Amino acid sequence: MTINIIDIGLGNIRSIEHWLEQSNLSSRRVTSPSSFPEGAIVIPGVSSVGEYMRRLKKSGLDKEILERADKGQKIIGICLGFQILTNYSEEDSGVACLGLLDGCAKYIDGNKTHNGWESCEIDSRNASGYANLPKKNKKIVRGRVYFNHELSVTLDSQCYSKTLDNGIVSFAFRDNIFGFQFHPEKSQQTGREILKLVV
Amino acid sequence: MSFRIGATVLIDHTGNAIQSYSFKTRRILGCISKVLKFLDGYKVDEIHLIVPLKQNRPADMSEIFLKLADIPVSTPLALGGGINVTNLAQISKDPFFERLIFNSAIYDDLDTVQRANLIMGRQSILACIPFSVRNGELIIYHAREDCFKEVPRGFWEKLDSMVNEVILVDAYSEGSKTGFDFEVLKFINFPHDRILISGGLTKNDIYRARNMGLAGVSIDNFALHSELSIGFLR
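For the record, the sequence lines run as chains A and B. Position in the first sequence (first residue = 1) + 22 = my numbering. Position in the second sequence (first residue = 1) + 1 = my numbering.
Mixed in with the good hints there might be a few duds.
To be verified - In silico EDC-like pairs for lysine to aspartate or glutamate, Cα to Cα no more than 16 Å straight-line:
(1) A:LYS134 with B:ASP194
(2) A:LYS134 with B:ASP161
(3) A:LYS157 with A:ASP197
(4) B:LYS44 with A:GLU140
Said to hold, decoys possible - Computed footprint of chain A on chain B, listed as stretches where at least three residues anywhere in the stretch have a Cβ under 8 Å from a Cβ of chain A:
(5) 68–74
(6) 121–128
Source of the hints: derived by calculation from the structure; they are not laboratory data. Values in this document were obtained by computation on a predicted structure and should not be read as measured data. Glycine included, each C-beta is placed from N, C-alpha and C at the ideal position.
Can you make the complete structure from the sequences, with help from the hints?
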């Protein structure tokens, strides 16, 4: 299976490629809406929403992602990529986003950032009924995951999700849409196990 | 939020990892790819990769950055060293790192720091400030000018709005285990939970930093050589 990585000149794409390679998954960079395979689409993080959405629209990939999500293609958003799956982000004076998950991204209380490692548990058995996860022998991933962000997602729709003690939504899955506020590609062994669980 | 235990790795112009001692002498630690793989294996919380600007080096570091980009590392990376408005676009075009580290730009090239904020988000911006406390006064290092200077008025307030976190490097103790000079914190008007410390760290210093509510520490070659066990410290 080939995983598509959105490449509009922003985001830590090389880190995503390494993450996929380490799990023996091939990937290709997608720079335009012209035909690309039906494998999962990864929207990387490490950018700001204003610039990211501007380039996404300019490339026409915003509409392409929506169409493909509608057809059931798996969409994986990481950090900023998760935030733009919602309807709106407060960053850069307010930016309309893709609206694949009902909710929005707001600045963390006190204008703080959230950097560091937190515990995470994803149980694919609990996700069934919410999201389309492949059937695998390994059902649960537990470990430490790496966060680095200053906005946090608030969800208005029912998802399989987990919220940290500080109120930050760690991840949210619904149907074929998968959002991670943390960076699985930089979460060492736990990140590789999450990839195997989801793809 | 967990206290982070990271590692600092300096890179020379040939792409080797080096260790600096008290900002005076340097020793080659080996091939950068091997060093990064070791640190990845040790599960450090983050790696701070810095190209020391004062060293003679080619103007274009892109070749070395390309080499770094090909090293599969699943630990968060922060990259610093001579980042300016000219090379920022190139560096951030295809990043293999999550954060950028600035030194000279925070003194005299704010456009670059603001541009980096726009491209990568404020959470991705770090300042690295080597310091020394001499005769009860704080002096901080300006890499491009290769000298220690007095702290400009309003410096910490300005820094607070521009960068997410600060790495304070005890220049005198760099490369040793002689102890980090915590006196520096008396001079600094910056939130403690956004400060990482580096240089001279002992186990007790690391425990003290954790108890003080600092964001974390960045250990130099003692992490690489397993003299300080990451798992034990965590």
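A quick look at each hint next to the structure:
Restraint check: the Cα-Cα separation between A:LYS134 and B:ASP194 comes to about 10 Å, which is no more than 16 Å; the hinted pair holds. With a C-alpha separation of about 11 Å, the suggested pairing of A:LYS134 with B:ASP161 holds against the 16 Å cut-off. A C-alpha spacing of about 14 Å is found between A:LYS157 and A:ASP197, which places the hinted pair at or below 16 Å, so the restraint holds. For the given pair, B:LYS44 sits about 14 Å from A:GLU140 by alpha-carbon distance, which is consistent with the 16 Å threshold.
Counting residues of the stretch 68–74 of chain B whose beta carbon lies closer than 8 Å to any beta carbon of chain A gives 3, which meets the minimum of three for the stated coverage. Note: the stretch 121–128 of chain B has 5 residues with beta-carbon separation from chain A under 8 Å; the three-residue rule is met and the coverage holds.
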